[in-house]
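Assemble the whole structure, with the sequences as input and the hints as a guide.
30 is the number of the first residue of the sequence shown in the numbering used here; add one for each residue after it.
No wet-lab data here; the hints were simulated from the structure. Virtual Cβ for every residue (Gly too), placed ideally from N, Cα, C. Errors might be hidden in some of the hints.
Said to hold, decoys possible - Computed Cβ-Cβ distance ranges for the label pairs, DEER-style:
| hint | residue 1 | residue 2 | range |
| --- | --- | --- | --- |
| 1 | A120 | E387 | 26 to 36 Å |
| 2 | A146 | P351 | 36 to 46 Å |
| 3 | R73 | P386 | 27 to 37 Å |
| 4 | A410 | V311 | 57 to 67 Å |
| 5 | A146 | R172 | 14 to 24 Å |
| 6 | A442 | L50 | 53 to 63 Å |
| 7 | L347 | E449 | 30 to 40 Å |
| 8 | A422 | E449 | 19 to 29 Å |
| 9 | P269 | D182 | 26 to 36 Å |
| 10 | E300 | R78 | 34 to 44 Å |
| 11 | E300 | L50 | 21 to 31 Å |
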Amino acid sequence: MTIEQPAFGKRVREIRRAQGLSQGDLAGDDLSPSYVSLVENGRRVPGARIARSLAERLGTTVEALCAGDQPAGGPSGGLAQRLALVGQLVAARASRQAGDWAGARQQLEAVLARADADGQEEIRWEARWELAAVLGRLGDPARHEAALRGLLDDPLTRSAPVLHARVAIELAQLLRGAGRLADAVRAAEDAVRAAAELEPGRPERAQAQVALVSASVDSGEWDRAGELAARLRTELAPLPPGELRAGALWAEAGARYLAGDAGGALELLAEADGLSAATDGVRLRLRLARARTLLALAAGPAAGADALLERSRQAAALVDTPSARSWLAVLETAGALGRGDTAAAADHSAAIDPDAPELSPLDRARALLHRARALRAAGRAAAAEESFQAAAAGYEAAGAFRLALETWRELSAGARGTGEPDPHAVVMP
30 MTIEQPAFGK RVREIRRAQG LSQGDLAGDD LSPSYVSLVE NGRRVPGARI ARSLAERLGT
90 TVEALCAGDQ PAGGPSGGLA QRLALVGQLV AARASRQAGD WAGARQQLEA VLARADADGQ
150 EEIRWEARWE LAAVLGRLGD PARHEAALRG LLDDPLTRSA PVLHARVAIE LAQLLRGAGR
210 LADAVRAAED AVRAAAELEP GRPERAQAQV ALVSASVDSG EWDRAGELAA RLRTELAPLP
270 PGELRAGALW AEAGARYLAG DAGGALELLA EADGLSAATD GVRLRLRLAR ARTLLALAAG
330 PAAGADALLE RSRQAAALVD TPSARSWLAV LETAGALGRG DTAAAADHSA AIDPDAPELS
390 PLDRARALLH RARALRAAGR AAAAEESFQA AAAGYEAAGA FRLALETWRE LSAGARGTGE
450 PDPHAVVMP
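In structure tokens form, the structure reads like this:
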């Protein structure tokens with residue numbers, strides 16, 4: 030395919046700006062920002078390999094970047110239409126970043142309508158992707174899933190592995206959070222296949238592996254998760270410090286713990302926690318802190334676990350939501366049980382609300398399980414049995430059949446076996 034300048038460079042610049050990327054972001058590690066500038070200004074014709082690399086980083090194809098303007102208004106008219114749509118897309122992204130989710134939704138729906146009418150496929154795709162994310166934040170899981178599945182079926186997605194991987198990763202995370210673990214595993218496997226076509230070092234490769242390790246752990250495929258975590262380790266080397274590296278270490282830690290290496294798992298979680306502290310991802314930091322605390326209470330030295338529990342108390346005081354209060358009650362219950370303080374465990378378990386908003390189905394079952402342990406320790410056998418049964422039912426409904434089996438086993442045995450990993454203490458990214 031012949032790359033015609035300056036048309037190719039103009040399209041590169043338009044799509045880069047629409048995605049909020051700098052020339053340095055697009056350059057990556059193998060190009061320079063000045064080279065990207067020359068391409069965008071039409072003063073340099075990239076070779077086939079570089080053109081493919083630029084297209085992948087922009088989430089599109091070389092063919093799309095080489096396509097000429099086709100609307101009735103002619104080349105200048107087509108460019109004007111694209112620029113207007115890009116401006117609307119940037120405005121919608123600004124609304125989203127400001128937390129105006131309803132406003133962003135309206136703007137993106139307007140961009141979609143106009144992009145459909147004007148035949149602007151690349152901008153239409155970008156608007157659909159942004160809209161899917163907004164629907165997720167607006168608490169509309171059905172439309173969120175429909176939007177992602179629609180994107181998966183889009184020809185542009187299927188023609189660009191980077192787009193395919195991104196959408197499949199997002200879908201896997203959505204399905205896992207909704208308690209549909211079998212579907213989440215399939216979506217994550219799809220993401221891994223698509224990401225395998227990308228060059229080493231691409232973040233989507235690690236993101237897809239994290240999604241698959243997490244879904245495998247939750248669904249009870251622990252041996253497979255261990256094998257996948259070993260492969261994930263090879264993706265860690267080129268990752269810079271930040272959320273993605275923290276998430277990868279966290280995922281590896283969960284698999285490592287279930288394989289019997291509690292010390293190694295706690296070390297990985299500590300490293301991940303340190304990396305997350307330097308990021309803006311508040312939700313990641315909170316969930317990672319809970320995961321680290323719960324695992325430490327189950328397996329770590331008492332002093333270290335107590336320090337993490339105190340930090341969780343401080344975080345809960347800053348983020349006072351029903352789900353945060355319920356999570357703290359779970360941690361307090363686990364801590365009290367670990368100290369052998371059955372009275373305190375019973376008191377804390379009374380504050381566990383498994384129906385708190387924002388708890389995933391798996392988190393609800395985990396909360397019920399910890400409440401059941403506290404009730405049994407307090408001698409309330411009937412109430413404990415009821416809570417164990419509810420926890421097992423919750424796990425089964427989510428497709429976490431191995432966790433359900435472990436719950437039934439603990440109920441029938443009268444206590445959890447000592448010296449073995451506690452799978453209910455593993456919270457994945």
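Hints, one by one, checked against the model:
no., hint, verdict
1, A120 <-> E387: 26 to 36 Å, "holds (29 Å)"
2, A146 <-> P351: 36 to 46 Å, "holds (44 Å)"
3, R73 <-> P386: 27 to 37 Å, "violated (53 Å)"
4, A410 <-> V311: 57 to 67 Å, "violated (41 Å)"
5, A146 <-> R172: 14 to 24 Å, "holds (22 Å)"
6, A442 <-> L50: 53 to 63 Å, "holds (55 Å)"
7, L347 <-> E449: 30 to 40 Å, "holds (35 Å)"
8, A422 <-> E449: 19 to 29 Å, "holds (24 Å)"
9, P269 <-> D182: 26 to 36 Å, "holds (33 Å)"
10, E300 <-> R78: 34 to 44 Å, "holds (35 Å)"
11, E300 <-> L50: 21 to 31 Å, "holds (29 Å)"
When held up to the earlier numbered hints, the structure conflicts with 3 and 4 and fits the remainder.
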